[in-house]
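Enquirer: In case you want the letters, here they are:
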Amino acid sequence: QSALTQPRSVSGSPGQSVTISCTGTSSDVGGYNYVSWYQQNPGKAPKFIIYDVSRRPSGVPDRFSGSKSGDTASLTISGLQAEDEADYYCFSYAGSSWVFGGGTKLTVL
Amino acid sequence: QLQLVESGGGVVQPGRSLRLSCTASGFSFSIYGMHWVRQAPGKGLEWVAVVPNDEISKSYADSVKGRFTISRDNSKNTVYLQMNSLRADDTAVYYCATGIGYYYDSWGQGTLVTVSS
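Those protein sequences? They're chains A and B, same order as listed.
Position one of the first sequence corresponds to residue 69 (my numbering), numbered consecutively onward.
Position one of the second sequence corresponds to residue 545 (my numbering), numbered consecutively onward.
Any given hint might turn out to be false.
Listed next, the stretches of chain B that the computed footprint assigns to chain A, with coverage defined by at least 3 CB atoms under 8 Å from CB atoms of chain A [to be verified]: (1) 563-572; (2) 598-605; (3) 626-634; (4) 650-656.
None of these hints come from the bench; they were simulated from the model.
Nothing here was measured: the structure is a model prediction, and the numbers come from that model.
Ideal Cβ positions, reconstructed from N, Cα and C, are used throughout, including at glycine.
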């Protein structure tokens, strides 16, 4: 049950695109199409923004997109806005358990 | 409107026990798997445990296995986390979370557990 690997931080200017990677193994990310992504602002509960690798819940802007290749999932945020500054976590089903990524702090410059 | 409300957090000495509760409303609680997730101060999210709707295949993170027990009472729309032999590194905000699929579309507001002498 090792945490999925995410970059500790990423940054971008308004209007730019950023991609956050999430690397696991064939037992979690690579083995199932059950990767989800969460956005968390300070002091708040997380909010889900992507599920089943690339599906977007209603109400989440289409600037947010997800994908997966092998054991690595990715979250791309295009057209960055100041309000996107937050912590982002990936999450994967791993058979009989679940595992989060270590989290990535997104800074909008 | 789906709502999850945690309770039971507080300050507890190392080695002691504490039971958290999470009461749900606004959805068919009995058909949902229920999870506990925690977040240590300034740290990332950590999955803790799950109790499926059938209560048969419970699962735990290695860090809490043998010390924590998850259970549910469908008649009360409540999921519990019994935490024994608490350690300083169990200090965290504990969230309950749920979703119809393999993701969480609903979270509680969290309850803080502080393990300290």
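Enquirer: Run every hint past the structure and note whether it holds.
Expert: Hint-by-hint comparison with the structure:
{"no.": "1", "hint": "563-572", "result": "violated (count 0)"}
{"no.": "2", "hint": "598-605", "result": "holds (count 4)"}
{"no.": "3", "hint": "626-634", "result": "violated (count 0)"}
{"no.": "4", "hint": "650-656", "result": "holds (count 4)"}
When each numbered hint is compared with the structure, violations occur for hints 1, 3.
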